[in-house]
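Colleague: Sequence:
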Amino acid sequence: MKFLLRQIVRIIPVLFIISLIVFLLVRVTGDPVSLMLPETATEQDKAELRQSLGLNDPLYVQYFTYLGDLVTGDFGESFRYNQPALDIVLERLPASLELAFFSMLIAIIISIPLGVLSAIKRNSFIDLFITGGAVLGKAMPNFWLGIMLILLFAVQFNVLPVSGTGSIYHLILPAITLGTAIAAEMTRLIRSSMLEILSQEYIRTARSKGLIEAIVVNKHALRNALIPVVTIMALQTATLIGGTLITETVFSWPGMGQLLIQAVNLRDMAVVQAATFVIAILVIGSNLLADLTYRYLDPRIKYD
Numbered sequence: 001m002k003f004l005l006r007q008i009v010r011i012i013p014v015l016f017i018i019s020l021i022v023f024l025l026v027r028v029t030g031d032p033v034s035l036m037l038p039e040t041a042t043e044q045d046k047a048e049l050r051q052s053l054g055l056n057d058p059l060y061v062q063y064f065t066y067l068g069d070l071v072t073g074d075f076g077e078s079f080r081y082n083q084p085a086l087d088i089v090l091e092r093l094p095a096s097l098e099l100a101f102f103s104m105l106i107a108i109i110i111s112i113p114l115g116v117l118s119a120i121k122r123n124s125f126i127d128l129f130i131t132g133g134a135v136l137g138k139a140m141p142n143f144w145l146g147i148m149l150i151l152l153f154a155v156q157f158n159v160l161p162v163s164g165t166g167s168i169y170h171l172i173l174p175a176i177t178l179g180t181a182i183a184a185e186m187t188r189l190i191r192s193s194m195l196e197i198l199s200q201e202y203i204r205t206a207r208s209k210g211l212i213e214a215i216v217v218n219k220h221a222l223r224n225a226l227i228p229v230v231t232i233m234a235l236q237t238a239t240l241i242g243g244t245l246i247t248e249t250v251f252s253w254p255g256m257g258q259l260l261i262q263a264v265n266l267r268d269m270a271v272v273q274a275a276t277f278v279i280a281i282l283v284i285g286s287n288l289l290a291d292l293t294y295r296y297l298d299p300r301i302k303y304d
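Residue numbers for the sequence shown follow the numbering used here, so the first one is 1 and each next one is one higher.
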C-alpha cells in the first residue's frame, strides 16, 4: 500500500509537466479562431470570440486558468461538437481500449510460444525462421500492413470487413495490424531472456535432478524470463496507443485516435488537450501496473 501511495505521489509532478507541454504545443500550432468561425466572419467577430475564450490574456494566465479547470475535470467545450471535450473523448475511449487489448492479446499469444521455441531450438532452422519473421514483423509500418491486409482479406477474398465496428470480425484486421510489431519485439526479447535464464546454474541443477524439459522450461525458466517482457509490455502500451492514431484512421475505427487526428486537423484545442491528457494517464497507469506485476513475478524485488 505504501509503495502504491508513493507511486501516486510521484505521478502528480509528471501530470503537471504533461499539462504544461500539451498547453504550449496546442497554442503554438496556430490561431484556432479562424477555424472556429466561418470565412465570412468579420474581424470584430474574431476579436469577440478571442475575448470570450480568454485568448487575449497573458499566456501564464491562460495556463493557470486551464490548470484550474483541469483539476475539476473541465477541459472546455469542443467547438465542433458543442459538447464538453472530456465527454467526447471518454465516449471514444472504450473502442480504443478494446482495440489495444486485443492487439496486445494477439501479441502475447504469438510471442510467448515463438520466443520460447526459438530459444529452445537455438541456431536451428526453426530459430532462424522465427527470428527472421520477427525482424520482418518489426520492419513493416502499421499503415502499410493495414492496407495490405485490407487488400488481401477484404478486397481479394472478401472474408472480413474493411472498416467500422460492431462485431469481432471488424476487430480482426486492425488488431493484427497493431499487434504484429509488438509481437515481433516481444518474441525477440523473450528469446534472448530465455537464453540467458536457461544458462543459469539453477536451471542446470533442475535438469540434473531429472526433471523433464517441459517442467524446467515452464516452471523454472519462463516465469523469470517474463520479468523484462513486462517492462516491454508497459513501454509498448505507449507505442500501441500511438499506433492506434494511424490504424484507427486506416480502418475507420471509431476510437480516440481517429478523434484526436480530426481534432488536430480542425485545431479543436479542447478535444486535443483532453485526448492527449487521457492518453498520458493511460501510459502512466500501464507503467504503474508493470511495477506491481514485477513484485508478483519476483517477490524478491523491493522498491525503496
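It should be emphasised that the hints constitute simulated quantities derived from the structure, not laboratory data. C-beta atoms are modelled at their ideal positions from N, C-alpha and C, and glycine is treated no differently. Treat each hint with caution, since some may be false.
Straight-line alpha carbon distances no greater than 27 Å define the calculated BS3-like cross-link-like pairs of lysine-lysine that follow [said to hold, decoys possible]:
1) Lys209 <-> Lys219
2) Lys219 <-> Lys121
3) Lys138 <-> Lys121
4) Lys121 <-> Lys209
Pairwise CB distance ranges, derived in the manner of DEER restraints [stated by the list, open to error]:
5) Asn158 <-> Glu39: 53 to 61 Å
6) Ile227 <-> Val14: 21 to 29 Å
7) Glu213 <-> Val9: 41 to 49 Å
8) Thr165 <-> Val135: 51 to 59 Å
Colleague: So which of the earlier hints does this model not fit?
Modeller: 5 and 8
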